[in-house]
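Asker: Numbering of the sequence shown is given in UniProt numbering, commencing with residue 1 and proceeding in unit increments.
The hints are simulated quantities; they were obtained by calculation from the structure and are not laboratory data.
Straight-line distance between alpha carbons at most 20 angstroms, and here's what the computed SDA-like set of lysine to any residue pairs gives:
#1 327 - 315
#2 141 - 82
#3 194 - 385
#4 263 - 333
#5 367 - 175
#6 189 - 226
#7 304 - 331
#8 263 - 249
#9 165 - 65
#10 165 - 363
#11 125 - 304
#12 194 - 220
#13 316 - 343
#14 147 - 157
#15 125 - 65
#16 123 - 112
#17 367 - 169
#18 125 - 296
#19 6 - 114
#20 263 - 248
#21 327 - 299
#22 189 - 386
#23 189 - 385
#24 304 - 325
#25 167 - 63
#26 367 - 170
#27 167 - 67
#28 73 - 161
#29 194 - 222
Keep in mind the model is a prediction, meaning the values are calculated, not measured.
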Amino acid sequence: MLFAYKISDAKNKITQGTIEAPSRAQARNQLILKDGALISLEPISHRKSNNNLAGKQFSLSRVKLLERVMFAKHLAVMIKAGMSIDSSIETLSDNSSPAMSRVLFGILNDVRTGNSFSSALSKYKRDFDLLFINMVAAGEKGGNLAKNLNLLAIQQQKTYELRKKIKSASIYPTVIALAIVGLTAVVSKFVLPKIVNFFSSLNVELPWSTRILIMTAQFFSTYWLWVVVIALVLVIIWVTMLRFTAGRLIIHAFILRLPILGKLISNMNLALFCRTLASLLNSGITIDQGLQIVSQTMTSEVYKQQTIQVYYRVLKGNSLANSISNKRYFPSIVSRMSMVGEESGNLSEVLDHLADFYELEVDNTTKNLSSMLEPVLLVVIGLAVGFVAMSIINPIYDLTSKISP
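Produce the entire structure from the sequences given, and follow the hints as far as they go.
Answerer: Structure follows, in structure tokens:
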């Protein structure tokens, strides 16, 4: 690999150049032998122009949530061990994914030119959210960066686990639905036409199940283009609505009214609200600033807007408990527990307990959802397969019974 480097000599004269080495660590070791202090060391491929297609593809990669968790954990350990922030970032960049390495090199360069760590992070808002940046800034200001990074790692780990549970709960029904559609498509395309042609030549009346299946297959065969166009229009309308606040509010409010899924999404957002606000308060951020940041972490637009309303009420001097009490999507337990926390001076601890409660609710709901859906979906796919099989076998059975003496 080819690396671009900058070194500064004893007279503060900057020297730039390139060096070839199998890895960044070996390139750094070679440069240590030169007279001067290493300022930056960057792979040439990371510096290519946006006109380069490979560079474009590379720059589109985003830092994943789990990568942020591991970064916060490892950085906290290194800072506690006495390593400087720039040395820690450089070490972590050597063992990161290409996307993370790109971001860390940019942050490293900013830190080495005199910017604070939080200021460097703020240039990468696509990869590090407002929560991450503000908790780092609070840690730098209060002199407890390692502690805040640990809090961040815990909070973001919990967020990752919540999202993972939601995704895993939706995989099974999706697979079953695709299996049913695939089975119906194969039978309609390859099996039914042969049966129809055979029985048409014999002038035999087909059973009702077979006629329904044939009519359905003929409809999709004749109007498939219209079906595709309508499906695309619906997808475009859905995506367009999700791009605007009003559209997201309509869709997310509808989802929250659904029997099981609505409860799951609600509990997930309540867990995020409590855990994130607790982490921010523990890191030294004020409650009004915390609420402003928390609103950006909500996955539901309904909860985001309600959190913003709570923020404005707190800004006017109301307590958190009082601000939440009249909000439809915040259960009374949240306002009551918040009141206890505010009166006792342990609000962050109370919010952590509430977050544990709602995370457990999410866990139980996803488990119950899976256990409930499995038998229901098995019955659905059994009925679908049985209907298709009956539609194919019945006319053959009727024909053989008529032929036999």
